[in-house]
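Let the sequences and hints guide you as you build the complete structure.
Listed below are the residues making up each chain.
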Amino acid sequence: MIPPFDWQRVVVAPWTDGLPTYGWVVLMGFLVALACGLIGNFLVLRRMALVGDAISHSILPGIAVAFLLSKSRGTIVMFSGALVAGLVTTVLIEFIHRRTRVKQDAAIGIVFSTLFAFGVLLISMFAGQVDLDADCVLYGELGLVGMEPYAMIGGVEIAPQPVLTMGIVCLLVVALIFFFYKELLVSSFDPALATSLGMRPGVVHHALMAALSVVVVGAFRAVGAILVIAMLILPGATAYLLVSRLPRMLLLSVIHAALSAVAGLHLGVWLDCSIGAAMVVAGAALFTLAWLRVLLGRRLVGSPPEPEGTSMIGG
Amino acid sequence: MTPALETHDLTVAYHKRPVLYGVDLAVPPGHLVGIMGPNGAGKTTLIKAVMGIVPPVSGWVKIFGEPASRALGRVGYVPQRESVDWDFPVNVMDVVLMGRYGRLGLGRRVGAKEREIARACLEKVGMLPLADRQIANLSGGQQQRVFLARALAQESDLYLMDEPFAGVDATTEAAIVTLLQELKARGKTILVVHHDLTSAQQYFDMLLLVNLRVVAFGDTAEVFTEELLQKTYGGRLTILSKIAQEVKNQG
Numbered sequence: 208m209i210p211p212f213d214w215q216r217v218v219v220a221p222w223t224d225g226l227p228t229y230g231w232v233v234l235m236g237f238l239v240a241l242a243c244g245l246i247g248n249f250l251v252l253r254r255m256a257l258v259g260d261a262i263s264h265s266i267l268p269g270i271a272v273a274f275l276l277s278k279s280r281g282t283i284v285m286f287s288g289a290l291v292a293g294l295v296t297t298v299l300i301e302f303i304h305r306r307t308r309v310k311q312d313a314a315i316g317i318v319f320s321t322l323f324a325f326g327v328l329l330i331s332m333f334a335g336q337v338d339l340d341a342d343c344v345l346y347g348e349l350g351l352v353g354m355e356p357y358a359m360i361g362g363v364e365i366a367p368q369p370v371l372t373m374g375i376v377c378l379l380v381v382a383l384i385f386f387f388y389k390e391l392l393v394s395s396f397d398p399a400l401a402t403s404l405g406m407r408p409g410v411v412h413h414a415l416m417a418a419l420s421v422v423v424v425g426a427f428r429a430v431g432a433i434l435v436i437a438m439l440i441l442p443g444a445t446a447y448l449l450v451s452r453l454p455r456m457l458l459l460s461v462i463h464a465a466l467s468a469v470a471g472l473h474l475g476v477w478l479d480c481s482i483g484a485a486m487v488v489a490g491a492a493l494f495t496l497a498w499l500r501v502l503l504g505r506r507l508v509g510s511p512p513e514p515e516g517t518s519m520i521g522g
Numbered sequence: 002m003t004p005a006l007e008t009h010d011l012t013v014a015y016h017k018r019p020v021l022y023g024v025d026l027a028v029p030p031g032h033l034v035g036i037m038g039p040n041g042a043g044k045t046t047l048i049k050a051v052m053g054i055v056p057p058v059s060g061w062v063k064i065f066g067e068p069a070s071r072a073l074g075r076v077g078y079v080p081q082r083e084s085v086d087w088d089f090p091v092n093v094m095d096v097v098l099m100g101r102y103g104r105l106g107l108g109r110r111v112g113a114k115e116r117e118i119a120r121a122c123l124e125k126v127g128m129l130p131l132a133d134r135q136i137a138n139l140s141g142g143q144q145q146r147v148f149l150a151r152a153l154a155q156e157s158d159l160y161l162m163d164e165p166f167a168g169v170d171a172t173t174e175a176a177i178v179t180l181l182q183e184l185k186a187r188g189k190t191i192l193v194v195h196h197d198l199t200s201a202q203q204y205f206d207m208l209l210l211v212n213l214r215v216v217a218f219g220d221t222a223e224v225f226t227e228e229l230l231q232k233t234y235g236g237r238l239t240i241l242s243k244i245a246q247e248v249k250n251q252g
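Heads up: the protein sequence lines correspond to chains A and B, in order. Quick note, the first sequence lines up with residues 208 to 522 if you use my numbering. Quick note, the second sequence lines up with residues 2 to 252 if you use my numbering.
Don't read these hints as lab results, they were simulated from the structure. Predicted model only: the values in this text are computed from it and were never measured. A hint or two may mislead.
Here are the in silico distance ranges between beta carbons for each label pair [said to hold, decoys possible]:
#	chain 1	residue 1	chain 2	residue 2	range
1	B	K114	A	R407	22 to 30 Å
2	A	P356	B	R120	51 to 59 Å
3	B	G23	A	V298	29 to 37 Å
4	A	Y346	B	P130	21 to 29 Å
5	A	F385	B	S84	26 to 34 Å
6	B	G141	A	A313	31 to 39 Å
7	A	F333	B	R110	47 to 55 Å
8	B	E117	A	G405	20 to 28 Å
9	B	S84	A	A313	22 to 30 Å
From the three backbone atoms N, C-alpha and C, an ideal C-beta is built for every residue, glycine too.
Okay, structure coming up:
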């Protein structure tokens, strides 16, 4: 049954009485979508969306092994495990694809599902010791983020630990794109030119994959291994439909992240369902709107853009 | 004089299948050189090996007497038009500015000076009015001009161009040829992968005939002969006998 749409409960309450809880939820949702979306722009442009899929799954064994070795669920441990797993994934995919006749898509399929299965084995074998449950791995627990222990700085409670961590990840992603903008742009558009300019697109590729692993592990507990793929691809794909220059595409994917976080919150509260899933549904709806905008505006190609503020999704 | 480009025993293989064998080459500076040969002869591979885009199995490359990796700043590169995604979200100006990126340090942004140079290069290829246009909305000839402007923006001494005349209109082809002649007159060295035997004599003052190995390299007048072309293309080109006839008639 669809619950009635109660304006007070669905739209007002999350920003008033419910703010102490839902404030963190929507902020975490936005930060996850922001970090994923920014990195995702480059995955979309480099036709590597499936690599994002692969890494989101194969960091599971990385986290499990890191946990078993250190007996700690600390942030640094988790990130190190994910980083190693992410890089192992990209190296293995390239190795299989280069050294055998197997093509890249098949290599991706082999590597990530095998590593994911390996992670599932580890977690089953050491179920008593690994505090990761399967539902959380697949779908995340965004709605509960406000109940996580708070990070303390100088004796003051700043924010729930996962939110603070994700905030730092976002800053790192923004810094990475800002400092290596030229390298990312040229190596995505024309890798051969990048090489000839002395830019080493191979290094750029691995740096991007490392950043992707960090982003995904940060997003993992919030939205799980499956929904994170949507977070990676939807903002960039939506922006790609609407604009014709990279800086605007990056900006528009940020707007997409914010809109889908807010819309997902209200949808999740209304239907009393997983807020992570609701965010993805909202993001997909925005993609559909962008697509309609393209279909309706096709006649306008080549003519000056419409005045600001008239477009349907605020881009 | 130090050769603009020198290779020794350059051999390249894809998946263990050699596609270019033992290329020994010394291109003197200030020449406009056509690289010709049948499909799959390794013309593109040769350029990519010089740029370090594909790693050679053996041999070395020197550019103006220096190891290639250290001299890439002096090389301008025009890849095949189909090698990039023309739906990519960049406009004409963005693409030309990429030619300046090699001279900007890590984290440095393009400034007024770079834009000025890029505008001048667009002007030279007649594309300045389209500077703000998204690259998806360009014709084939216009796309090629953008690539050329980008190479000009690199302000190089050696240019490597992979089929700049492929799929362009006659006006663009003429404009490109004029530009190449101008570069040569300014002492630049230009190597151009080219397909059209009928225009080769007219465009280039030196020719490099390739078919998995170097068949011949030298002044166009000496290299453009029936015997050497036959050796390069085998019996595969029907146009060949026609060309041979023309060569004879001229001879």
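Against the structure, the hints:
no., hint, in the structure
1, B:K114 / A:R407: 22 to 30 Å, "25 Å, holds"
2, A:P356 / B:R120: 51 to 59 Å, "56 Å, holds"
3, B:G23 / A:V298: 29 to 37 Å, "32 Å, holds"
4, A:Y346 / B:P130: 21 to 29 Å, "53 Å, violated"
5, A:F385 / B:S84: 26 to 34 Å, "28 Å, holds"
6, B:G141 / A:A313: 31 to 39 Å, "34 Å, holds"
7, A:F333 / B:R110: 47 to 55 Å, "50 Å, holds"
8, B:E117 / A:G405: 20 to 28 Å, "23 Å, holds"
9, B:S84 / A:A313: 22 to 30 Å, "24 Å, holds"
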